[in-house]
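Each protein sequence line maps, in turn, to chains A and B.
Numbering (the numbering used here) for the first sequence: 671 to 1034.
Numbering (the numbering used here) for the second sequence: 104 to 568.
Just so you know, not all the hints are guaranteed correct.
To be verified - Among the chain B residues that face chain A by a calculated CB cut under 10 Å, a handful are:
id: 1; residue: 108
id: 2; residue: 317
id: 3; residue: 330
id: 4; residue: 373
id: 5; residue: 491
id: 6; residue: 493
id: 7; residue: 496
id: 8; residue: 500
id: 9; residue: 502
id: 10; residue: 545
id: 11; residue: 552
id: 12; residue: 555
id: 13; residue: 558
Treat the hints as calculated values from the structure; they're not laboratory data.
All values derive from a computational prediction rather than experimental measurement.
Where is the CB? At the ideal position from N, CA and C, for every residue including glycine.
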Amino acid sequence: MKTVKIITASVFAVVIFGLSALCIFLPKNDYSDSERRYLKAFPELSLETLISGRFMSGFEDYALDNFPFRDTFRSIKAAVSLKVFGRLDNNDIYEHNGYITETEYPLDEKSIDRAAKIFKKINDDYLTGKNANVYFSLIPDKNYFLAKESGHLSIDYEKMVSSIKSKTDFMTYVDIFPLLSIEDYYKTDTHWKQESIVDVAEYIAKAMGADVKTEYKQNQLAKPFYGVYYGQYALPLEAEKITYLTNETLENCVVYDGENRKNISVYDMEKANGKDPYEIYLSGPISYITIENPDAETDKELVIFRDSFGSSIAPLMAEGYSKITLVDIRYVFTDIVCKMVDFENADVLFLYSAIVLNNSDTFK
Amino acid sequence: MLFSSITFLYYFLPCVLILYFIAPRKLKNSVLFAVSLVFYAWGEPVYVLLMAVSIAMGYICGLAVERFRGKTLSKVFLAISVAISLGFLGYFKYADFFIENFNAATGLSVKLLNIALPIGISFYTFQLISYSIDVYRGEKAQKNPINLAAYVTMFPQLIAGPIVRYADIARMLTERKHTLDAFSSGVTRFVFGLGKKILIANTLGELCDVFKASDDKSVLFYWLYAVAYALHVYFDFSGYSDMAIGLGRMFGFDFMENFNYPFISSNAAEFWRRWHISLGSWFRDYVYIPMGGNKVSKPRWFFNILTVWFLTGFWHGAAWTFIVWGLFFAALLTLEKLCLNKILKKSKLVSHIYVIIAVLVSFVIFNAASLGEAGEYIGAMFGAGKVPAVSQEFFYYFKSYALTLAIAIVGATPLVKQAVLKIKENKTGNLVVSIAQPIAVAALLVVMTAYLVDGSFNPFLYFRF
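Produce the entire structure from the sequences given, and follow the hints as far as they go.
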């Protein structure tokens, strides 16, 4: 019995003192690749931060963020939570048939209402009298395909669509739900795959009276792609590859980044090696971008109010328009950006994912 | 500082263990006092001064009570000590409650003080009061201010109990022994307490939060919440007590048990003999018995019960929900003494169902934001308010938390303890348990560290009391 007591005390001492030493002496990282965020730095130590308690709260954050083998411990937690305690999700992230997603629930009627009001204001203030044709398309998130089948909570998508339709009768709704399946999305990321949505682009364009049917060459990034949910889920999963589509039209397109006032490419190869390779498509989150197609056989223009899903589908519509303007009102005030856009005779497409519509407080 | 935090486990505790065990015997209490101040100041940098003033006052009054023992002045200094302690508690914990109710009753609008509640004030105030009363009743006053300060501020039990009484610990302050046996059992108790807190209490706390935020409530979801919350409080608080007792043993102290499987009780009176034992016995010894206890006329007896349970409720928080929670138990205890016990004795099953339902309802009141919310929740549990019987969210969360709930329910009974004792009866079983113990300690430490690294939901409930 004495041996057991010695072993118990020793085990405790080894774990506590061992990890303590690693906490103190192991070099620290600034950035967590798996979580795609900067880690907390050691807080400022002063009399003021001590008395106010800011040093202590800062240190707690620092100690958590810089714990040795942090990702391994997060994997252990996820495994215990899901496999031992039988939880159906880990921090709202769940896996079904190899696809990872985050629970989007419940349907936020106020958010839908807010989005509808913003769309209507844009229509009333900038589109009325401009002979613009206005369309709306909702992109289902992965929960639409996974939640019911796997027994997870999910929003009522029919209700979401009918709610937004009833509040925006100035827009023509283009239903793309039947064209999509879970295989059209990355397994570890929120987004759809560009190579799987060519038909979606063609369908939406056709609904707007444009023909964007064309051939593309498939190109693949060498770097393995771990999507945004990979780090959050914390259990090991296989990497995927990002594919991007090119053809002569896209190669000739002139892309202008209005936010940073510079020309960019349709596919940003610097971003391909960055923290989020999905930003290869039109350089990621930029509030105002134009794509001009010098080879266009039409002078028709398209304006897309969009979220990050729009980055990969917009280039696939270039064939049918002389100019596409992409506006992301999550990063710029609506009134400021709308004054920069010429809506005269344009097709205007509001293209949003269900996740963004259900969290429209991000709109400015 | 939270026990269940990376800062405590991997920065504070290793430093404390080194400092404490390398310090010579006569300096150990000084080390405990110093590190306890750091522990407290980590969460309450300013209120550490309030605690220091309380201790100084308790020390001086204790000496004076002893100096004038048997004379009126002794009683005067006892009264001063208790009044100042209660004055601090009243000002920092209850002032705004009194002002709010004064405003509501008179229609005036006296400005609220908006004082932040000093962590653990309810616990260390009661310890100081117990010290003064114990000295008045004959216990020797502590001559060494460091020893008294070490007793009041001792970090294992400083902010959430158990409420350690001076009489129980006076000798240990100077004569305690440090043994491998105590250290090892302290480690095991601490780690299992940490497990109760992190793996069970925090998880069930998440379920309670999910329920509160839900727009898809149903009768069964209300019941799920009631069960989850009662178990959450139990595992949170008893886990903390286990950690306190375990840490105490590591430093040579033997704190009193604070919980004894309360959910297996047969009536409310037994529940309170098994739940938060240190608080219940404090009120019994320092309030109920001095008021005459049950050795008085029946009306006076019931008045004593009412007073003690009003105070017990009010001790938990400055809100009517806590007072009603205490009075709810006063009503149950009175009913039991009048007639209910005769019925409950006839069937163990009925008595258990009665206790469980009573406790679940009581904790719904306890955790309600207002009496209105408490009424709404309890009504919904019993089908009032046109709430549907089941909902989509109920099914999902029941399924997701089923195993945690099952483990919690079994863990709230002595079944596991009895099973381990049974296994240890034969030689092989004893060997298996002996081998499993250090493995369990190591595995739990790793898993709990993983939960801490990943998690953000971690507040201790009893900090607010």
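Tested hints:
1. At its closest, the beta carbon of residue 108 of chain B sits 6 Å from a beta carbon of chain A; the interface hint therefore holds under the 10 Å criterion.
2. This hint holds: residue 317 of chain B has a C-beta 8 Å from the nearest C-beta of chain A, less than the 10 Å allowed.
3. Using the Cβ-Cβ criterion of 10 Å, the hint placing residue 330 of chain B at the interface with chain A is not satisfied: the shortest such distance is roughly 17 Å.
4. The beta carbon of residue 373 of chain B is not positioned within 10 Å of any beta carbon in chain A (closest approach about 31 Å), and the interface hint is therefore violated.
5. The restraint placing residue 491 of chain B at the interface with chain A is violated, with a minimum CB-CB distance near 15 Å, outside the 10 Å limit.
6. Hint status for residue 493 of chain B: violated, given a least beta-carbon distance of 14 Å to chain A, over 10 Å.
7. For residue 496 of chain B, the suggested interface contact is upheld, since its CB lies about 7 Å from the closest CB of chain A, less than 10 Å.
8. The beta carbon of residue 500 of chain B comes within 9 Å of a beta carbon in chain A, closer than 10 Å, and the hint placing it at the interface holds.
9. Proximity of residue 502 of chain B to chain A holds as hinted, the smallest CB-CB distance being about 6 Å (cut-off 10 Å).
10. Evaluation of the residue 545 of chain B hint against chain A yields a held restraint, the C-beta minimum of about 5 Å falling below 10 Å.
11. Contact between residue 552 of chain B and chain A, as hinted, is supported at the beta carbon level, the nearest pair being about 6 Å apart and thus within 10 Å.
12. Nearest Cβ of chain A to the Cβ of residue 555 of chain B: about 7 Å, under the 10 Å cut. The hint holds.
13. For residue 558 of chain B, the interface hint holds, since its Cβ comes within 10 Å of a Cβ in chain A; the closest pair sits about 7 Å apart.
The structure is inconsistent with the numbered hints 3, 4, 5 and 6, although it conforms to all the rest.
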